[in-house]
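*Asks:* Protein sequence lines, in the order shown, are assigned to chains E and A.
With the first sequence counted from 1, adding 80 to any position gets you our numbering.
With the second sequence counted from 1, adding 80 to any position gets you our numbering.
For the record, the hints were derived by calculation from the structure and aren't laboratory data.
It is possible that part of the hints are untrue.
Repeated chains share a single entry, so a pair holds when one copy, or any two copies, can fit it.
In silico lysine to any residue, SDA-like type, Cα no more than 25 Å apart, as pairs [said to hold, decoys possible]:
(1) Lys306 <-> Ala178
(2) Lys306 <-> Ala107
(3) Lys306 <-> Glu273
(4) Lys306 <-> Glu99
(5) Lys306 <-> Ala152
(6) Lys306 <-> Phe354
(7) Lys306 <-> Arg234
(8) Lys306 <-> Gly272
(9) Lys306 <-> Trp410
(10) Lys306 <-> Thr87
Model, not experiment: these values are computed from the prediction.
So you can see what is in the structure, the chains are spelled out below.
Number of protein chains: 2
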Amino acid sequence: MRLGELTTPALVVDATLLEHNLATMAAALPGERLRPHVKAHKCTALAARQRAHGHTGFTCATTVEAHGLARAGLGEDLLLANEVVDEARLGRLVRSGARVTVAVDSEETVAAAAAAGIEEVVVDVNVGLPRCGCAPGAAGSLAESARARGMAVRGVMGYEGHVVGLDDRARRVELVRVAMELLLEAHDAVGGELISAGGTGTYDINTAATEIQAGSYALMDSAYGKLSLPFVQALTVLATVVSVSPGWAVADCGAKALAMDHGNPTIEDAEVWFCSDEHLTFAPRGAVRVGERIRVVPAHVDPTVAYHEQIHVVDGDDVLESWPVDLRGW
Amino acid sequence: MRLGELTTPALVVDATLLEHNLATMAAALPGERLRPHVKAHKCTALAARQRAHGHTGFTCATTVEAHGLARAGLGEDLLLANEVVDEARLGRLVRSGARVTVAVDSEETVAAAAAAGIEEVVVDVNVGLPRCGCAPGAAGSLAESARARGMAVRGVMGYEGHVVGLDDRARRVELVRVAMELLLEAHDAVGGELISAGGTGTYDINTAATEIQAGSYALMDSAYGKLSLPFVQALTVLATVVSVSPGWAVADCGAKALAMDHGNPTIEDAEVWFCSDEHLTFAPRGAVRVGERIRVVPAHVDPTVAYHEQIHVVDGDDVLESWPVDLRGW
């Protein structure tokens, strides 16, 4: 299939640029030093590529992601880096046959994991982002509680989500240090081989963690694109210009094809005005014509991919493969 | 099934409140005076309810929406209120057997419709929103062009999208007047029985249009909730509290379950801090506990529904039906 035959809007990933990103990360964080987060792409075919680069474990945000990886034969060492109190869903994960380690940050989540038959947990620690995670001082007693229920505690995790997107590298360095002091304090009390943390924006800064949970590096987006990282924009949304007016044009991708939580997408040689449900209004710097194809760079890759059924892998004008985005939903 | 058995996050619509909205609109704009826009719910089961309230035509934003309505037996009079240059997709619509009228705003879209075998069009006119639509003065010659290619021109459409969301009703009234002057000028040149326009925020203001394209009124969202309309919030996202910290709590719905283009969602008795991919961090005014279910009101219903596979129709704690969101994708 040729690029021009794709129905728009369509997620398109450049095979060479994707390979560059995967290889660059695997060189920096080989094997188990990276636990790729699949929430960024929700695609087992892409996870298999990451596995081929030597990363044996994966990070998941949902039970559906973990299940899908297990079904795809990628369940060697899955970390469900999220709190789940639904024993039924956790129980199905246990029965998937994968090695699944679940994050816990409260007695309730410890109890749910134990009741579901989960055998391994990590204690999720709040390292500065007001989200999940227990206080560092509470980590030890949660670990005891988990062990008392017969579960192995593999260590701690703590995501410095308030740091990963900061433009200023010096500030990222400083705030990672502060965050990881908290995580190491918790780890002292908890023990275990895992100190899991980090993201694409701190992959080479966070040396305290034993493994980094980066995901966006594979496809990238314009938010991470501002950080002078060695990863390139491999993913774009292919769209068709459907209307041209004096001063602006409209493409057939909008807020149902591009997540808007990090702001507007970007287009080379154009100023993006706004997205409606199915339209992107932009001011091109040159001439555009109705029917022309354009490439749109999402501001935030994760919730953008979650709108699409497929990621098309392309080499120039050739569509090499079309990968199902098979880890969506809950 | 009981509400408590639903996997979260889940789209939940209150059957009584939905019925209130559908009946209120059908009383105000009976039969063909309303052409419900299905982009707001992407659900043929909900469209069938709208049909049962007497509305025989539907508005669509995508060919997939039009196809799905045709398959569901709701293809009596479909308006594809969007520009499409893909002859293959238009051709499939022609073969669906539905009555399909397509918006055109350029010679290119007229040519694509004609080449695909589309028999009826409306001329889409820019009435003030910088998006699709030709200049009012160009509408007549486009209609001539369409007729010269053998297509019937049913009239004009022009969406006052820059007006529908304005808080101040007096301003909505004034700007609808200005916008509809442009549309009526175009209609004078085009002719035809249709003057299609409007949305939920102007449904009772826009009396120039022969039919109103409102969609959000059925489910509603917090953006339209500010406009003192007679429609109530029928849709919420059901979520589970998965983590509680001193000062905030976290629910299992985030930017992959709630579109963020109109800002943060809202929760009764809580202040929403931010959404991450799979988390909503909020400060509850009272006590919450891990495992508790909460209801979250989306800021923008259309791209929120597009993230979900089902809409669950509930009466109190009973889940009456689960409707597939079967008009997603492209």
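*Asks:* Within, between, both or neither: how does the pair Lys306, Gly272 come out at a Cα-Cα threshold of 25 Å?
*Replies:* neither (36 Å within a copy, 52 Å between copies)
*Asks:* Regarding Lys306 and Arg234, is the shortest C-alpha distance of 25 Å or less found within a copy, between copies, in both, or in neither?
*Replies:* Classified as neither; 35 Å inside a copy, 49 Å across copies.
*Asks:* State whether the alpha carbon distance between Lys306 and Glu273 is at most 25 Å within one copy, between copies, both, or neither.
*Replies:* Neither way: Lys306 and Glu273 sit 34 Å apart in one copy and 52 Å across, limit 25 Å.
*Asks:* Checking Lys306 and Glu99: alpha-carbon separation at most 25 Å within a copy, between copies, both or neither?
*Replies:* within (20 Å within a copy, 48 Å between copies)
*Asks:* I want to check one pair: Lys306 and Ala178. Are their C-alpha atoms no more than 25 Å apart within a copy, between two copies, both, or neither?
*Replies:* neither (37 Å within a copy, 48 Å between copies)
*Asks:* One pair to classify: Lys306 and Phe354, alpha carbons no more than 25 Å apart. Within, between, both, or neither?
*Replies:* both (20 Å within a copy, 22 Å between copies)
*Asks:* Under a CA distance limit of 25 Å, which applies to Lys306 and Ala107: within one copy, between copies, both, or neither?
*Replies:* within (22 Å within a copy, 52 Å between copies)
*Asks:* Under a CA distance limit of 25 Å, which applies to Lys306 and Trp410: within one copy, between copies, both, or neither?
*Replies:* neither (31 Å within a copy, 31 Å between copies)
*Asks:* Check Lys306 against Ala152 for me: Cα-Cα at most 25 Å, and say if that holds within a copy, between copies, both or neither.
*Replies:* Cα proximity of Lys306 and Ala152: none, with 34 Å in one copy and 46 Å across.
*Asks:* With identical chains, the pair Lys306 and Thr87 could be close in the same copy or across copies; at 25 Å between alpha carbons, which is it: within, between, both, or neither?
*Replies:* Neither: 30 Å inside a copy, 37 Å across copies.
Of the numbered hints given earlier, the model fails hints 1, 3, 5, 7, 8, 9 and 10; all others are met.
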